[in-house]
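Protein chains in written order, with the numbering used here: chain A, 1 to 115; chain B, 1 to 113.
Hints listed in this document are in silico derivations from the structure and should not be mistaken for laboratory results. Treat each hint with caution, since some may be false.
Computed list of lysine to any residue pairs in SDA-like fashion (alpha-carbon distance at most 20 Å, straight line) [as the list claims (entries may be wrong)]: (1) B:49 to A:73; (2) B:100 to A:56; (3) B:108 to A:57; (4) B:100 to A:39; (5) B:100 to A:72; (6) B:100 to A:69; (7) B:69 to B:51; (8) B:100 to A:17; (9) B:108 to A:41; (10) A:57 to B:49; (11) A:17 to A:76; (12) B:108 to A:39; (13) B:100 to A:44; (14) B:108 to A:42; (15) B:100 to A:64; (16) B:100 to A:51.
Cβ-to-Cβ under 8 Å is the rule here; a few derived chain A residues that face chain B [as the list claims (entries may be wrong)]: (17) 27; (18) 29; (19) 31; (20) 59; (21) 63; (22) 107.
Derived Cβ-Cβ restraints for the label pairs, each shown as a range [said to hold, decoys possible]: (23) A:115 to B:64: 42 to 50 Å; (24) B:39 to A:64: 40 to 48 Å; (25) B:71 to A:84: 41 to 49 Å; (26) A:73 to B:1: 37 to 45 Å; (27) A:55 to B:66: 18 to 26 Å; (28) B:53 to A:80: 42 to 50 Å; (29) A:52 to B:29: 16 to 24 Å; (30) B:68 to A:96: 26 to 34 Å; (31) B:58 to A:70: 38 to 46 Å.
Bear in mind that the values here come from a model prediction, so they are computed numbers and not experimental data. Quick reminder that beta carbons are idealized off the backbone N, C-alpha and C, glycines included.
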Amino acid sequence: GAGVSQSPSNKVTEKGKDVELRCDPISGHTALYWYRQSLGQGLEFLIYFQGNSAPDKSGLPSDRFSAERTGGSVSTLTIQRTQQEDSAVYLCASSLAQVGGTEAFFGQGTRLTVV
Amino acid sequence: AQSVTQLGSHVSVSEGALVLLRCNYSSSVPPYLFWYVQYPNQGLQLLLKYTSAATLVKGINGFEAEFKKSETSFHLTKPSAHMSDAAEYFCAVSDTSYQKVTFGTGTKLQVIP
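Take these sequences, add in the hints, and give me the full structure.
In structure tokens form, the structure reads like this:
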């Protein structure tokens, strides 16, 4: 597609359930990011994938959060045993990171509500 | 490790007044610098970027930013604020080696009529 695509756009889940959020990056982009944006807060970095390198997981807030990127393309962010504090907008971005100074392109986000 | 600091989580200006949003960076190698804007209920979009060419960078909607190495700054300005500029603005940095883009915490701009 022309841009970064995220699905679903909205997700309401019950506390304690697992959720999966999907990101389709721009074709050919080797770098992929996940961020979280809570109400009234800035961008919180979660995880960064760059080509075949080991992902930078330094932003994952707990072991309930995990992400994978299959075939260097689609990525899934999984949150296990969701808590109310996980409610936020989850943003995915991709970039053509081999070329210096290329910007990250963002999807529209998935709004997660844990009830 | 690279980082950016945005001074002021909220900035208010009157319509027609100068907009100045501050960003300072830290990077051990020459940086690339970006400003993004997020309008209410929308995703982030690129306003402008610095990639070691001209130090004064012009972006969309009349915004510009100047790279000052001596001050490690990349402040965003616009001569005259418009109501439609009300949004959240994010400064970001990446370096020429690892290429990971690191974002600041954002500044919410309020424009008062």
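To see whether the hints hold, each was checked on the structure:
1. B:49 to A:73: 26 Å, violated
2. B:100 to A:56: 10 Å, holds
3. B:108 to A:57: The hint is violated at about 28 Å.
4. B:100 to A:39: 25 Å, violated
5. B:100 to A:72: 16 Å, holds
6. B:100 to A:69: 16 Å, holds
7. B:69 to B:51: 13 Å, holds
8. B:100 to A:17: It is violated: about 32 Å lies between the C-alpha atoms, which goes past 20 Å.
9. B:108 to A:41: 10 Å, holds
10. A:57 to B:49: 26 Å, violated
11. A:17 to A:76: 16 Å, holds
12. B:108 to A:39: 13 Å, holds
13. B:100 to A:44: 14 Å, holds
14. B:108 to A:42: 10 Å, holds
15. B:100 to A:64: Roughly 24 Å separates the two Cα atoms, so the pair is violated.
16. B:100 to A:51: The given pair, whose Cα atoms are some 12 Å apart, holds under the 20 Å limit.
17. 27: 18 Å, violated
18. 29: 12 Å, violated
19. 31: 7 Å, holds
20. 59: Violated, about 10 Å.
21. 63: Since the shortest Cβ distance to chain B is 22 Å, the answer is violated.
22. 107: Nearest chain B Cβ about 6 Å off; hint holds.
23. A:115 to B:64: 42 to 50 Å: 44 Å, holds
24. B:39 to A:64: 40 to 48 Å: 31 Å, violated
25. B:71 to A:84: 41 to 49 Å: The hint (41 to 49 Å, Cβ to Cβ) holds, given that residue 71 (chain B) and residue 84 (chain A) are roughly 42 Å apart.
26. A:73 to B:1: 37 to 45 Å: 28 Å, violated
27. A:55 to B:66: 18 to 26 Å: 35 Å, violated
28. B:53 to A:80: 42 to 50 Å: 46 Å, holds
29. A:52 to B:29: 16 to 24 Å: 22 Å, holds
30. B:68 to A:96: 26 to 34 Å: Distance hint for residue 68 (chain B), residue 96 (chain A) holds at roughly 28 Å.
31. B:58 to A:70: 38 to 46 Å: Once the Cβ atoms are compared, 40 Å apart, the range 38 to 46 Å for residue 70 (chain A) and residue 58 (chain B) holds.
Violation of the numbered hints given earlier is confined to hints 1, 3, 4, 8, 10, 15, 17, 18, 20, 21, 24, 26 and 27; the remaining hints are satisfied by the structure.
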